[in-house]
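The hints should help you fit chains G and V onto chain H, whose structure is shown.
So you can see what is in the structure, the chains are spelled out below.
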Amino acid sequence: MSFSTFVTDKAGLQKLYEAIISKYETYAPVEKFGKYDYKKVSSLKECDPDSPIAMTMSVKPLFFPRSSKIMKYEANSAGTSIRETDQDPLAGQRVILGVKHCDARGLQVLEAVNKWDYIDSDFLKRRANTVILSNRCDKADTHCFCTSLDYDVENLDAPDVAIVNGTNGKIYVQARTEKGETFLKENSSEPMANRITNDELQMTNCEEDLTKQYEAFLSSFRLKMDYKDVNERMAKRFDSPAFEEASRNCVSCNTCAFICPTCHCFKISDEKIKDTGVRYKSYDSCNNVYFTLEAGGHNPRPAKYRRWRQRSMHKFVYYKERFGVNLCVGCGHCAISCPVNISIFEVVNHVASAPIES
Amino acid sequence: MDYSKQIQDIAAKLFTDGKIDVFVGYRMNGFDDNQVPAVITDPKEVSTLVFTEKSVFNLSNYLKADHTRNKRVGLVVKGCDSRSLNLLLTESQVKRDKLYIIGIACEGVVDDKGQKVQNCMECIIPDAVVYDEILGTPKGKKDYIVNADIKALAEKGLVERREYFEEIFENCIRCNACRNSCPLCYCTKCCIDQETATIYNGSNTSSSAFHALMTWSLHLAGRCVDCRNCEKACPSHLPLHLLHKQNEKVIFGNFQNHLAGVEEGDRGAFYKYSLKDPDDFIM
Amino acid sequence: MESLLVPSLAKVDRIIQETPDVRTYRLKFKDDSLMDKFTWQPGQFVEFSLMGSGECTFCISSSATRRGFFDCSIKRAGVVTADIHSDIEEGDDVGIRGPYGNWFPLDDIKGKNLLFVGGGIGLAPLRSLIQYAIDNRGDYKDFTVLYGARTSADLCYKEEIEEWKKNTSLKVVLTIDKPEDSWKENVGVVPKILEEVVKPEIANTKVITCGPPIMIKYTLQSLDRLGFDPKDVITTLEMKMQCGLGKCGRCNIGSTYICKDGPVFTYEQLKALPDEF
Chain H
1 MSFSTFVTDK AGLQKLYEAI ISKYETYAPV EKFGKYDYKK VSSLKECDPD
51 SPIAMTMSVK PLFFPRSSKI MKYEANSAGT SIRETDQDPL AGQRVILGVK
101 HCDARGLQVL EAVNKWDYID SDFLKRRANT VILSNRCDKA DTHCFCTSLD
151 YDVENLDAPD VAIVNGTNGK IYVQARTEKG ETFLKENSSE PMANRITNDE
201 LQMTNCEEDL TKQYEAFLSS FRLKMDYKDV NERMAKRFDS PAFEEASRNC
251 VSCNTCAFIC PTCHCFKISD EKIKDTGVRY KSYDSCNNVY FTLEAGGHNP
301 RPAKYRRWRQ RSMHKFVYYK ERFGVNLCVG CGHCAISCPV NISIFEVVNH
351 VASAPIES
Chain G
1001 MDYSKQIQDI AAKLFTDGKI DVFVGYRMNG FDDNQVPAVI TDPKEVSTLV
1051 FTEKSVFNLS NYLKADHTRN KRVGLVVKGC DSRSLNLLLT ESQVKRDKLY
1101 IIGIACEGVV DDKGQKVQNC MECIIPDAVV YDEILGTPKG KKDYIVNADI
1151 KALAEKGLVE RREYFEEIFE NCIRCNACRN SCPLCYCTKC CIDQETATIY
1201 NGSNTSSSAF HALMTWSLHL AGRCVDCRNC EKACPSHLPL HLLHKQNEKV
1251 IFGNFQNHLA GVEEGDRGAF YKYSLKDPDD FIM
Chain V
2001 MESLLVPSLA KVDRIIQETP DVRTYRLKFK DDSLMDKFTW QPGQFVEFSL
2051 MGSGECTFCI SSSATRRGFF DCSIKRAGVV TADIHSDIEE GDDVGIRGPY
2101 GNWFPLDDIK GKNLLFVGGG IGLAPLRSLI QYAIDNRGDY KDFTVLYGAR
2151 TSADLCYKEE IEEWKKNTSL KVVLTIDKPE DSWKENVGVV PKILEEVVKP
2201 EIANTKVITC GPPIMIKYTL QSLDRLGFDP KDVITTLEMK MQCGLGKCGR
2251 CNIGSTYICK DGPVFTYEQL KALPDEF
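Chains as they are written, first to last, in my numbering: chain H, 1 to 358; chain G, 1001 to 1283; chain V, 2001 to 2277.
FYI, nobody ran anything at the bench for these hints, they're computed from the structure. This one's a predicted model, so the numbers in the text were calculated from it and none came from an experiment. Take these hints with a grain of salt, some might be off.
What follows is a set of in silico ranges between Cβ atoms, one per label pair, in the way DEER data are often shown [said to hold, decoys possible]:
| no. | chain 1 | residue 1 | chain 2 | residue 2 | range |
| --- | --- | --- | --- | --- | --- |
| 1 | H | Asn76 | G | Asp1097 | 55 to 61 Å |
| 2 | H | Glu25 | V | Asn2136 | 53 to 59 Å |
| 3 | G | Thr1048 | H | Thr142 | 55 to 61 Å |
List time: in silico DSSO-like cross-link candidates among lysine-lysine, alpha-carbon distance up to 27 Å [to be verified]:
| no. | chain 1 | residue 1 | chain 2 | residue 2 |
| --- | --- | --- | --- | --- |
| 4 | V | Lys2030 | G | Lys1189 |
| 5 | G | Lys1113 | H | Lys139 |
| 6 | V | Lys2178 | V | Lys2217 |
| 7 | H | Lys32 | G | Lys1189 |
| 8 | H | Lys32 | G | Lys1113 |
| 9 | V | Lys2271 | H | Lys69 |
| 10 | V | Lys2178 | H | Lys72 |
| 11 | V | Lys2075 | H | Lys236 |
| 12 | V | Lys2030 | H | Lys69 |
| 13 | H | Lys69 | V | Lys2028 |
| 14 | H | Lys115 | V | Lys2217 |
| 15 | H | Lys69 | G | Lys1189 |
| 16 | V | Lys2260 | H | Lys236 |
Computed far set for chain V versus chain H, every beta-carbon distance over 12 Å [as the list claims (entries may be wrong)]:
| no. | residue |
| --- | --- |
| 17 | Ile2016 |
| 18 | Lys2030 |
| 19 | Gly2227 |
| 20 | Pro2230 |
| 21 | Tyr2267 |
Glycine residues also receive a C-beta, built at the ideal position from the N, C-alpha and C atoms.
One chain only, chain H, in its complex shape (with noise of 0.2 Å):
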């Protein structure tokens, strides 16, 4: 199937945005000390689909909350009784804007664990029922390397909708996915009168504007690197000490996981008050010194290093062998929200360079 382009400019594209605003349920970026959030918004006022990529935080959470109701309960002398909890909010018909294509990608990544084996549904229809409009980034921040990694951010068709600046004040929107398609076709009226399809790109001069912009974001990265030697490296890099080295600044806390776009640990945990209780599902992470602390009192992971070790490995070695690709997407979330500024770029490569130990 072929996608469709249209071009547009900056005012067109808030006609476009107020429109998608009026008609569905939104979620966008919504500032609050500093920091973007994906809130549910009533008008273009409230939120920013430009926010910069390092300030926004991942779109994860409007498809795996950060807690999320399992069941709700009543427990008590006279027996137990499981609830349907209300309806999954998350569920609905929505658009979100202002994704960025790593965080998009992110999803895609999660996809793959969560239609292994035991299929969680919610998730996946969470996503069904989502049309993504993500912004591709004009330039590269301190942390970014997604070009360094197994996806084409160019062509990415993780987002149903890409918008991409051009030169001139120009801007491209342009479908991805059947979904996006779709949804641009009911919503182009006006604003977006200037539609193109794919074979005409090459005709007028958009596609060369579009491969100019992405050669200045490619030349703007600061972090480099070649995602598959990394992989073969840590693979060989179990037993480095250079995970100790680079992990000594940690503090353990759980906010590089939290804000990862990839990031899918999680635990189960019950607030009961009185007979009734509600049991949810909430984030956890590997460098949580309770996260394998068995009941007895065995810790499999007690050192920092080796949560460090299950963090890194996990994301360029364990998951690539399980599902093919890499649990990382290149957004440098975590290097930023971090209390030390560790980033999993400089662990990854600092482990992928050290001499193997004989």
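Then chains G and V, alone, in the frame of chain H:
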């Protein structure tokens, strides 16, 4: 304020004299002009140590880490950091004879944008209060001031104040970066880590975040030294100092101008009893 | 909302106090049709939840060849298990999800001699296979159960062991760590009894072992010494698990998920895993 050279020399000498196993200082983060903590065990790495007004993190937090427990440690402390260190000494978390402390007569640190941070502008005790040697010229104590945001908080009614905090905590993601970055949070099992059947069940509901942060702040009341490691660590940029400064103000007013960790051996306000303590709230 | 994680309600039919800190809970799903459909293989586990306390992972310690119920034997160890012991009475409801995980290689052990080596609560997962094998006795040759505990009071399933002893088609060897007045069986740790009393036939024998980590460590060494091929030694691993579905990321050892690829492994497979359990 640049003591990089002095600190490198001192650390190098400590390693050569065999007086320390680990040195905790600051190094450049490797990508911009900001710094990160450096935990050094290899004397060769001493040359990476720096200290400027960008040396923000309170390093006494590392005294509870795997690398420094039961080791001889050299570390750098600013005024506020030394107060938390003092409390750790008083609370028997570290032994004085295992430490070599480089105190700094601090002139205040700056944020990413180069602006002096708020707690340094309100700082009462900028000089290190516990040290083996001190760098810089001590300036002495300043007067206690209550900042505008805390004054504004006092004007709010109870309900309004609760709503205000609930709104702030809405963005809390329960990552515990605040707790883990706090040098004074060293409990082996923190109450907010409980996973079963309590209000602190580790979930990210607003009530859970509210209870966890409130309880946490109360455990630090009378102990918090306003280093703001927690606030700087918060990925959601929550103004956590509001909790601690409010507690500090109340305690300063009610417990004979108590400030945490100023004197060696002085316990937190809630851990000591004095006949002068107010009792007008007791029925 | 998280439909994969919602448990089904089961009623505690009977509680058997096995030892001072181990109880066996005999469970039946409240929904009879669910109970009829519910089946499992020896070695699989369930997520057992006490409402208000949380979920814990336990192996099913009975065999599906005995229909209408299933057993979980629970040792008091942490917060949740302490709550289970103190709060659950006969007739109470608990939540059950499962069965999850892999099971003992039933095809591989067919036609072989079976040697079970268990210690303490480690007999629980073995019991499921022992019952299964007793119910399919014709499929196996020699059948030996070596079971040890710290004291005679710490031996689980005492009544059932008496029945096994009466069964002439299997050999039961019991041991405790230190001598006791009324104790007439073996005294000594499991690996010692294995080498000195059981003296198993190596050829054509499959060893199935489970117990506390320290016992496993020395038992594996002594099986090595006796000359067993690591392929013929089967054990089940215990690791903190929470979802049982391969999603929550807690039980990884390398790229192996204990909850999906395990908990049953051969010694050969264990040797290939990174040392992180």
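Checked hints:
no. : hint                               : result
1   : H:Asn76 <-> G:Asp1097: 55 to 61 Å  : holds (57 Å)
2   : H:Glu25 <-> V:Asn2136: 53 to 59 Å  : holds (57 Å)
3   : G:Thr1048 <-> H:Thr142: 55 to 61 Å : violated (20 Å)
4   : V:Lys2030 <-> G:Lys1189            : violated (37 Å)
5   : G:Lys1113 <-> H:Lys139             : holds (20 Å)
6   : V:Lys2178 <-> V:Lys2217            : holds (20 Å)
7   : H:Lys32 <-> G:Lys1189              : violated (31 Å)
8   : H:Lys32 <-> G:Lys1113              : holds (19 Å)
9   : V:Lys2271 <-> H:Lys69              : violated (40 Å)
10  : V:Lys2178 <-> H:Lys72              : violated (49 Å)
11  : V:Lys2075 <-> H:Lys236             : violated (39 Å)
12  : V:Lys2030 <-> H:Lys69              : holds (23 Å)
13  : H:Lys69 <-> V:Lys2028              : holds (26 Å)
14  : H:Lys115 <-> V:Lys2217             : violated (37 Å)
15  : H:Lys69 <-> G:Lys1189              : holds (25 Å)
16  : V:Lys2260 <-> H:Lys236             : holds (24 Å)
17  : Ile2016                            : holds (21 Å)
18  : Lys2030                            : violated (9 Å)
19  : Gly2227                            : holds (30 Å)
20  : Pro2230                            : holds (21 Å)
21  : Tyr2267                            : holds (18 Å)
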